[in-house]
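K.L.:
Sequence:
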Amino acid sequence: MSARLDAVQVGAPPGRLSGWMIAPVHFNGFAGLPTTKDLAVHSPEFSCFGHQWEVAMYPGGGGGVVDSEDGFVALWLVNKSAEAIGVHYKLVSKHPAGGQDIWGGSTSTMRQFSNMYSGNACFGHPNFARRSTLMNYLVDGTLIVEVHLRTNKPGQQSAPFVPENPFLRNAMLDFGDEETADVKLEVGAVQRSGRRKRGRTSTTTFHAHHFVLRRNAPALADMCTPGADSAPTTISNVRPEIFKHVLYYCYGGKIDEEDLQSNASEILEAADRFDIVNLKLEAEACYVETVELTVDDIIETITYADSKNLALLKEHCMDFLGRADKAEVAEKVSFDDMPSRLMTDLMVAMARSERKSSRGDELSMMRVSDLRRLAHEKGLGVDGSREMLIASLKDDDVVIVE
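Position 200, counted from 1, in the sequence shown is what the UniProt record's numbering calls 200; the numbers after and before it change by one each time, with no gaps.
Be a bit skeptical, because a hint or two may be false.
[As the list claims (entries may be wrong)] No more than 27 Å apart at the CA atoms, straight line, and that leaves these computed lysine-lysine pairs for DSSO-like: (1) LYS332 with LYS308; (2) LYS184 with LYS80; (3) LYS332 with LYS90; (4) LYS378 with LYS308; (5) LYS153 with LYS90; (6) LYS332 with LYS244; (7) LYS94 with LYS80; (8) LYS80 with LYS37.
[Claimed, not checked] Label pairs and their in silico Cβ distance ranges: (9) MET223 with ILE22: 42 to 50 Å; (10) GLY227 with GLU377: 34 to 42 Å; (11) PHE167 with ASP140: 36 to 44 Å; (12) MET110 with VAL329: 56 to 64 Å; (13) THR204 with THR303: 28 to 36 Å; (14) ASP174 with MET223: 13 to 21 Å; (15) ARG111 with ARG169: 36 to 44 Å; (16) GLY19 with ASN237: 46 to 54 Å.
Hint data in this document are derived by calculation from the structure and do not stem from the laboratory.
The structure presented is a predicted model; accordingly, all values stated were derived computationally and were not measured.
A virtual CB, placed ideally from N, CA and C, is assigned to each residue, including glycine.
With the hints as extra help, turn the sequences into a complete structure.
P.N.:
See below:
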């Protein structure tokens, strides 16, 4: 049996990392800056972590041991102090319309900037970005480069323990709590009829909190009247097992992947019915991964997807048609049964598959997932057809840079 002694420290041990400090550096009139190679434009010095820094830009490239490629802008971060320092750093240029950021730096390895009198006082990027690309990142003619810096905090061996916000955990503790619930639901009532009688199947009782439903399942909340003396709300045509998954999600729970895969269609239906948008999209994505499409039933699936605004499933079907044997499609598929407006989706799928070079930047050619992601980033609704998503993004004046 052995015992381990405390570590023997040689020199001062590093502390935990500080938070990121951000210094925006504005290169005004970027388009007019000289593009002669190895000719630098220096920013004024700024202070961070007790050191002075500057950003050296070479609009025509150069300035380093490694040469720049033609058409590229070089960007260097310089320590202007008499003492060395180790930092993580990023040089970031953000797209003004929310597009992809351009950045370079060292976020995982601590870079040791020597003092200003030695040859290792700067780090940077000889090929930060093409000048032509950066022209699309200007704000009123100004290129904004954000300098992100963080370093070790001396003298702190470990971060203090701070518990996370308990709201989500506490909300899940209230899931199914009959004592605090103000809504009662009877789930599973399905009409069944025999030769001589007509009745209902047995139901399962669930208890919920109206404020949770109001925020997370508004259509379900509208069906319920809160209050201890209120009559139970009857929810028909959904299995209790499915409803339990849906209700658990409303309280912040995560549906088990296996349960989601085996019940994707029913969970999707329930989420759509009760206006639980994020769960609907999650179930749709799972359904798309597991559904087996055939030429024989493709129109039925497309029509279903259209009726439920399942844009991802509809795109999946159109991609299938675009790849399918055209002779077999002509023989087995009756487009008379497909709404004429869906032909646009089919043409987009075929055009996308036939493009020699994918620019991938026009809204009309973007994938549904990309449209949804862009809409979500802009705070727009994501539950709708691709046409609705595109119209919403255009109304918000989203610009896609080529």
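K.L.:
Each of the hints needs a verdict: does it hold here or not?
P.N.:
How the hints compare with the structure:
1. LYS332 with LYS308: With Cα atoms ~25 Å apart, LYS332 and LYS308 stay inside 27 Å; holds.
2. LYS184 with LYS80: Roughly 68 Å separates the two Cα atoms, so the pair is violated.
3. LYS332 with LYS90: violated (57 Å)
4. LYS378 with LYS308: Satisfied, since the Cα-Cα distance of roughly 23 Å is no more than 27 Å.
5. LYS153 with LYS90: holds (18 Å)
6. LYS332 with LYS244: Measuring from Cα to Cα gives roughly 40 Å; hence the hint is violated.
7. LYS94 with LYS80: Within the cut-off at roughly 25 Å; holds.
8. LYS80 with LYS37: Within the cut-off at roughly 23 Å; holds.
9. MET223 with ILE22: 42 to 50 Å: Since MET223 and ILE22 have Cβ atoms about 48 Å apart, the given range 42 to 50 Å holds.
10. GLY227 with GLU377: 34 to 42 Å: holds (40 Å)
11. PHE167 with ASP140: 36 to 44 Å: Holds - the Cβ-Cβ distance for PHE167 and ASP140, about 41 Å, lies within 36 to 44 Å.
12. MET110 with VAL329: 56 to 64 Å: holds (59 Å)
13. THR204 with THR303: 28 to 36 Å: holds (32 Å)
14. ASP174 with MET223: 13 to 21 Å: Holds - the Cβ-Cβ distance for ASP174 and MET223, about 20 Å, lies within 13 to 21 Å.
15. ARG111 with ARG169: 36 to 44 Å: holds (39 Å)
16. GLY19 with ASN237: 46 to 54 Å: Because 52 Å falls inside the window, the suggested range holds.
Checked against the numbered hints above, the structure breaks hints 2, 3 and 6 and satisfies the rest.
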